[in-house]
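Protein chains: 2
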Amino acid sequence: MIRQDVFAVEPWSLRETSLDLDLLAQSESVFALSNGHLGWRGSLDEGDPRGLPGSYLNGFHEVHPLPYAEAAYGQPEVGQTLVNVTNGKIVRLFVDDEPFDVRYGELRSHERILDFRTGLLTRTAEWVSPAGAAVRVRSGRLVSFTQRAIGAICYEVEPVSGPAHIAIQSVLIANEPMPEPDGDPRRAAVLDQPLVMEHQAKDDRSVVLVHRTRASRLCVAAAMDHIVDGPPGTLTDARLYEDGGMVTVAASLAPGQRLRLVKFVALSWSSQRLMPAMRDQVWAALSAARQTTWDGLLAEQRAFLGDFWDRADVQVEGDAEVQQAVRFGLFHVLQAGARGENRPIPAKGLTGTGYDGHTFWDAETFVLPLLTMTAPEAAASALRWRHATLPLAIERAGQLGLSGAAFPWRTITGRECSGYWPAGTAAFHINADVADAVIRYVDATGDEEFDRGPGFDLLVHTARLWRSLGHHDPAGRFHIDGVTGPDEYSALADDNLYTNLMAKQNLVAAADAAGRYPDRARELGVGVEEAASWRDAAEAMHIPFDEALGVHSQDERFTKHQVWDFAATRPDQYPLLLHAPYFDLYRKQVIKQADLVLAMYLRGRAFSAEQKARNFEYYEALTVRDSSLSACAQAVIAAEVGHLNLAYDYLGEAALMDLRDLENDTRDGLHIASLAGAWIALVGGFGGMRIHHGNVSFAPRLPAGLTRLTFTVLLRGRRLRVEVTHDAARYVLAAGEPIEIMHHGDLVRVAEGAPQERPIPPVPQRPPPSQPPGRAPAPRRTAAGQPVTGLPGAAPVLGAPAGTGPGIAGQ
Amino acid sequence: MIRQDVFAVEPWSLRETSLDLDLLAQSESVFALSNGHLGWRGSLDEGDPRGLPGSYLNGFHEVHPLPYAEAAYGQPEVGQTLVNVTNGKIVRLFVDDEPFDVRYGELRSHERILDFRTGLLTRTAEWVSPAGAAVRVRSGRLVSFTQRAIGAICYEVEPVSGPAHIAIQSVLIANEPMPEPDGDPRRAAVLDQPLVMEHQAKDDRSVVLVHRTRASRLCVAAAMDHIVDGPPGTLTDARLYEDGGMVTVAASLAPGQRLRLVKFVALSWSSQRLMPAMRDQVWAALSAARQTTWDGLLAEQRAFLGDFWDRADVQVEGDAEVQQAVRFGLFHVLQAGARGENRPIPAKGLTGTGYDGHTFWDAETFVLPLLTMTAPEAAASALRWRHATLPLAIERAGQLGLSGAAFPWRTITGRECSGYWPAGTAAFHINADVADAVIRYVDATGDEEFDRGPGFDLLVHTARLWRSLGHHDPAGRFHIDGVTGPDEYSALADDNLYTNLMAKQNLVAAADAAGRYPDRARELGVGVEEAASWRDAAEAMHIPFDEALGVHSQDERFTKHQVWDFAATRPDQYPLLLHAPYFDLYRKQVIKQADLVLAMYLRGRAFSAEQKARNFEYYEALTVRDSSLSACAQAVIAAEVGHLNLAYDYLGEAALMDLRDLENDTRDGLHIASLAGAWIALVGGFGGMRIHHGNVSFAPRLPAGLTRLTFTVLLRGRRLRVEVTHDAARYVLAAGEPIEIMHHGDLVRVAEGAPQERPIPPVPQRPPPSQPPGRAPAPRRTAAGQPVTGLPGAAPVLGAPAGTGPGIAGQ
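If you're matching them up, the sequences are chains A and B in order.
In case it helps, our numbering puts the first sequence at residues 1 to 811.
In case it helps, our numbering puts the second sequence at residues 1 to 811.
Please note that the accuracy of each hint is not assured.
Residues from chain B that keep clear of chain A, each with C-beta distances beyond 10 angstroms, as calculated [claimed, not checked]: (1) Glu70; (2) Gly79; (3) Gly105; (4) Ala131; (5) Thr146; (6) Glu158; (7) Arg214; (8) Ala277; (9) Asp494; (10) Glu547; (11) Ala548; (12) Arg557; (13) Gln562; (14) Leu578; (15) Gly745.
Just some of the chain A residues that point at chain B, by a computed CB distance under 8 angstroms [to be verified]: (16) Glu70; (17) Gly401; (18) Gly419; (19) Ala426; (20) Leu577.
It is worth saying that the hints were derived from the structure and are not from the lab.
Idealized CB from N, CA, C, for every residue including glycine.
All chains, full assembly: derive it from the sequences and hints.
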């Protein structure tokens, strides 16, 4: 957990004003910078002390054997893990020969600010060395959105108490020592010194290093160059050593004098290109960055982000904490996906090595909805990556005895890396999730080139999978047996409702696409009979419903199982997976994360309003939220069925997942899906937005704690802004052709310059549902520190005044 | 596979007359000697060439980490594996300085005979060295049933072509080099040089070695002593080297002269006792053996086996091959269990390291039925071992959140070693199998001391497990969800019928026992309410039945699943587990091994005759028998419902499992359960024997291929012989009080000296069931080589004439 007062509540930035070494690893995650290609954890400039060092290139990984106590057919044998690449972030400082280390001497002041509008991480510190020399240090750091190979640092130091000999040492180092690993020793072994040097060179102020991984044979090149600004007599030299190099700048400074170093770092990797090409590539990137200058990079960064916020910002009035958290989330989701360029979006983005740097269904189901509506080119890029892995997915399906494509549960390259098949291979829903993301993307953007190209391929191969995975019973119903749905506390179930509904959509969408693009259908050998068999299977899809209870069943047997003994479960026994065996979790009614509830969001038309309310109440009492993927879906459906304050609590949980370290693992990286989930909770929950066949509908309603919600979505080239208060919703078309939308079931036509306002109908009154004992979400609090009471108009939390921009960014 | 002509068909022995080096490892398994404490694979005396060296002490193991790609609560972390202990079998021969090695020179003749009545493995060979010196070698080897620490070898050599310098080298060696292992490297690592020397000593003709395992810290002591008989001038000396020692005997022999070495070997192990105690213990055992002499050991062995055959022999007339195989099986089952003395009976006995030397439910369900009726003290010993592991099983149940005891799926010490929980931890039926073995043992022996002691503890703690594992539904039915039954191609099913029926028996038996022994019940805290809750759960136990199909369902969902596509499965894709992922096997109707069919044998009263016939037909079409535990159960029910020739085919498969190497893994050790299963197929199938609450019933009927079946069973101190022909059955009470039995439903009273004969009623006629394509059992053949046609009176296979005893055994 991170206490509420660690970060100041500000609308456009994240600021810490003191340094807590116990939270160092967490702060490295929340202050991480990335553009989706290159990721730098928010380590202190000097590299020490550190939580978890981390410089990452999307897709750059090492492989290791996946161990099993007992062998079985079809088990993935090779694991993949994200590698900490050559570190170019380190800038060390020596004051009269004493190293600047916050653990020694006196840290008189400390501040770090991550600015969501400039993309700059700044730090200011005043430090007194053990010998009594005081200096002021200011640094700014960015990972460029516009020059994807580039990270840059501006580092300034000035003596404040008297003259001092100052040396700044800029480092580029590979194979830096890592904290002691735990877990499988063979996996840990490949991550110890993973890089083998192929080349190194220097001149008087620059260094280049080229390395290659031992087993996966990937090549990474890193280079750094510098601009030095110091008093006359400032000395610069460069040295190389094993696996690294450094540039040292030394000057004697009087108070009022500054030594300033701008450091440009370029990083690239390739599985194909050879050392000379890689070496030259990073030099080219570095030259471009130098030519741009630090101020130029800053300006580009501001412009890129300004454009993003124009189309993506969400304003949340009444809860400054959530306002900050939502922008923090949007910023990090953008960082995770902006410049991936046909690489995956990992569960942690490029902010840490949690989950080995793998990508899961998180990307398609939680992250892409946000990107599709705000940065569609990033969504397309992630889907193109999936498409690029289609040959591996087709191979995997064949290995499993299935047709079509079986996408991996977790992977870096597209090859299945899950070492526990009941929650890996059996979680076939990921294939329908990919299809769902394709359908949503095409629906929202109208991108026909994608639709008839990669989109078509993805829909057809996933539809084939479902047709071969399911079967008809003697009565003609179609069943999908023995699969695992989103809820990881259930597994290998017959007719998981989520899976069946998502597969149904997938089958129909593929058949429709085959009708839309007959030439492409011919190319993939999709005949009339095959498409008809998809429609038939979809039409006959079995949807489990428990007549006795009057609710849908998560799977054919779920509601028949014993209910978990929540009363006998102590608070310290959550998450349950650390305290109970899978066999017991699987055979009882206990839910890790929204499953049927997520289906009610993604496939809402399959349920009546009454069913949604009853289902939500039933499953709410069984859901323990031991996964960060749960709260946002619960928020959406809670809002839809009228439990607005509960939805608000879930919004808070999703949004604050990392700023409060709610799952105690933010040190390993951010929960990108949960951060995106905060947007889903706001837009899908309180905005009530749904898209279906190009039609967009809203059913906005605010909880008591919020006074106004404003968000913007991109819809087929249009920019639609939605402003919601307790009384009314206003639809503003900021750009584009007029559009027809639904507002609480009523058709509304919105044109540019002609905003439409509609009243919010009263919320249906229902008794509040209950959660398992102790598992209710933390209530959002009023300014007086009281939980939200449910009364509209409760006093909102007031945010602290926004800080001014840092000095370095203002240069 | 082993060709039919490799072993001569003889009623009381297994003989090979040529040496096929490709079958060396298989022959080491079938010629293995053991007394249940010490096991020696049937390696050639000279130790080279070899398939898999093997000397084992029951329970002596090393531990290693169990690896997992993904961690989970409750996973067993430590594996156990049987260790190849100090090898005392090796006797090397040098002829004029050339080593006797069958790969060099000329092997003029070779014969090995395992005699089931003497327990002696003899070998005769005539060999010409590369230099042209010819010798005759005769050796005899035994592992003593009466002196459990002792193995002994009598080795004789004589020159046949001219005088020769002969040296015999008797070796005792630890950490002998093993063939290259495959699989997990960490597991393999612990088996490379597993023993650390603690002590070694010698005098002029004896050697002692004491070693300890590195991780499990078990101490093993081995010693050898010799009696030499040679011409005047014969020289004897002893030497020690690292991890070993040897005694060399050298003599110059003229044709007609012999050099004879009798070697006594003693082996013991302990987890508690220290080196000096262990060293002295093997010396003591060795002294006793020397005092007994080779001939004395032989005589004891004969007497021990004579007694066994008197009460256990099964005579099968009409099929000499099955006759031999059944005695081979009885002999090896006796070897596996005779002197275990509160140690487990591993799946492979002590004949190899298959399954890491672990014990499974095989022991209780397949091996103990035979031992209970023929060697009840061995059955009691195996059950006492289970009882001794009760504290570990109680601990494991607690770890799993359950009451009572959860016995391990696979283990050496009683600690769970299964690294794949869906087919390990989830296979809770092993607990009911243990209870079933207790009930059967007490039923057959009337051993009240066991009943109120260990039996009571086992019944109560397993009943508690079932009560906590299951739950009632709103209608009051009792369900056991999410468990794995015997069929390993299904897993994590709700209400596995086998498990539910076996648990039901377990619950009732425990409640009955609590009534029988109120003092013991008080001691274990079993109150009236708890016992009543067991009876209630048993009474309310849900038994899945598919009304539409008119058959019982293997579990609640089984008959709803898609049927495996047998038509598309090629013959080379069996066993399916090597060619299909578990996820697909689990969710389809395909059965690895008898599950519901086994339930119809063990809990036959839960089914009507008509249900048995219908169920058998239904499940027969789905059962691929990829497990050696299947054929015998199918044989029993096939016989019961009237498919006698099919039962006969299954008998053949069970009996010949290892003599024909039907599963291509006899090299790793024998399938002790399948060998015991041949007895089950004969006695339970063609004898139709069942016991229930002390009442024994028979329903004998022979298949066309057999003319007579005679078997003897022990029943509460009585010895009852049953002789079956096609027309009649004769019941002979060889010893004991008069007994009432049932013969095909009619009460028969049998007294000593008053045999009763009853006619066999006609067999019900039913159309033959079908198996999955290509998975019908191999038909038993007539003497003319034709498959059995189903006509009674078909010409039987005639066995080859019995061989005479070997020379060495005759001394």
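Going through the hints against the structure:
1. Glu70: Since the minimum Cβ distance to chain A is about 4 angstroms, B:Glu70 lies within 10 angstroms and the statement is violated.
2. Gly79: The assertion about B:Gly79 is violated, with a minimum of 7 angstroms to chain A.
3. Gly105: 41 angstroms, holds
4. Ala131: With a cut-off of 10 angstroms, B:Ala131 remains clear of chain A, as the shortest Cβ separation is near 48 angstroms.
5. Thr146: 39 angstroms, holds
6. Glu158: B:Glu158 is indeed farther than 10 angstroms from all Cβ atoms of chain A, at 50 angstroms.
7. Arg214: 17 angstroms, holds
8. Ala277: Per Cβ check, B:Ala277 is outside 10 angstroms of chain A; nearest 35 angstroms; holds.
9. Asp494: 6 angstroms, violated
10. Glu547: Holds, since 13 angstroms exceeds 10 angstroms.
11. Ala548: 8 angstroms, violated
12. Arg557: 6 angstroms, violated
13. Gln562: 4 angstroms, violated
14. Leu578: 6 angstroms, violated
15. Gly745: 38 angstroms, holds
16. Glu70: 4 angstroms, holds
17. Gly401: 6 angstroms, holds
18. Gly419: 2 angstroms, holds
19. Ala426: 5 angstroms, holds
20. Leu577: 6 angstroms, holds
Hint check: violations occur at hints 1, 2, 9, 11, 12, 13 and 14; the rest are consistent with the structure.
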